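A.B. asks: Sequence:
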Amino acid sequence: WGQGCGENCFTLDGDGFTCSRVLDEPEVWRVELLMHDTFLPSVNAFVLRDGDETLVVDAGTSDDFNDTRLMRALLGLGVDPERTTLVCTHAHMDHAGLARELTEAGVRAVVPEGVLSDMRRLAVPAWRDEMVARMSAEGVGATESVELADVIWDHAVNFETERIAFSTVAAGEALRCGRWSLEVVPTPGHTPGH
Numbered sequence: 006w007g008q009g010c011g012e013n014c015f016t017l018d019g020d021g022f023t024c025s026r027v028l029d030e031p032e033v034w035r036v037e038l039l040m041h042d043t044f045l046p047s048v049n050a051f052v053l054r055d056g057d058e059t060l061v062v063d064a065g066t067s068d069d070f071n072d073t074r075l076m077r078a079l080l081g082l083g084v085d086p087e088r089t090t091l092v093c094t095h096a097h098m099d100h101a102g103l104a105r106e107l108t109e110a111g112v113r114a115v116v117p118e119g120v121l122s123d124m125r126r127l128a129v130p131a132w133r134d135e136m137v138a139r140m141s142a143e144g145v146g147a148t149e150s151v152e153l154a155d156v157i158w159d160h161a162v163n164f165e166t167e168r169i170a171f172s173t174v175a176a177g178e179a180l181r182c183g184r185w186s187l188e189v190v191p192t193p194g195h196t197p198g199h
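For the sequence shown, our numbering begins at 6 and goes up steadily by one.
Since the hints were derived computationally from the structure, they do not count as laboratory data. Everything numeric in this text was worked out from a predicted model, so none of it was measured. Glycine included, each C-beta is placed from N, C-alpha and C at the ideal position. Hints are not guaranteed to be accurate.
What the hints assert, rightly or not - Pairwise CB distance ranges (calculated):
hint, residue 1, residue 2, range
1, Thr148, Thr73, 31 to 41 angstroms
2, Asp57, Glu188, 16 to 26 angstroms
3, Thr166, Glu143, 46 to 56 angstroms
4, Arg184, Glu87, 14 to 24 angstroms
5, Pro46, Glu87, 28 to 38 angstroms
6, Gly146, Ser172, 36 to 46 angstroms
7, Gly81, Pro46, 18 to 28 angstroms
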């Protein structure tokens with residue numbers, strides 16, 4: 006790994022997936038992570054750096070194809086895990102799947118309160134049944150509704166049940182990274198009404 010792909014870019018493996026600088030001020034890098042068994046070939050994590058502080062937005066998916074890909078990208082950028090914060094935008098595994106790996110390396114995980122609420126809701130079997138009923142009411146066939154709900158339910162991450170260390174942040178509060186202050190705003194994500 007580490008092959009060049011142009012200025013401000015490096016590949017993570019021989020497969021061509023990259024870590025590339027997308028903004029200079031603040032310094033923001035896009036880490037392209039693999040996805041398998043879905044309709045998307047990849048998902049992104051974003052790394053904001055200012056001095057020796059780092060904020061990682063989303064943690065990608067924890068499938069075998071990614072193994073240590075996000076951590077290798079962070080190390081390739083010279084990031085110190087002990088001075089890094091991870092924030093996950095929502096509870097699906099393509100956004101929170103590598104959180105355990107990062108926190109075990111010393112990264113501090115932060116979850117917006119709304120995301121924690123979704124993690125708790127998505128962990129309950131009744132949520133799956135609610136999704137099946139909602140999709141069926143919208144005209145999706147019974148078999149498809151069950152299959153789609155199962156995929157969504159199976160791909161949710163709950164930091165509490167998985168014992169991943171984290172703290173919460175409320176909407177309106179700020180996450181800091183060096184000189185930068187980023188306001189946490191509520192977003193609907195994939196769970197309308199929450």
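A.B. asks: So, for every hint listed, does it hold in this structure?
C.D. replies: Hint by hint, here is what the structure shows:
no. : hint                                 : in the structure
1   : Thr148 to Thr73: 31 to 41 angstroms  : holds, 37 angstroms
2   : Asp57 to Glu188: 16 to 26 angstroms  : holds, 23 angstroms
3   : Thr166 to Glu143: 46 to 56 angstroms : violated, 29 angstroms
4   : Arg184 to Glu87: 14 to 24 angstroms  : holds, 19 angstroms
5   : Pro46 to Glu87: 28 to 38 angstroms   : holds, 33 angstroms
6   : Gly146 to Ser172: 36 to 46 angstroms : holds, 42 angstroms
7   : Gly81 to Pro46: 18 to 28 angstroms   : holds, 22 angstroms
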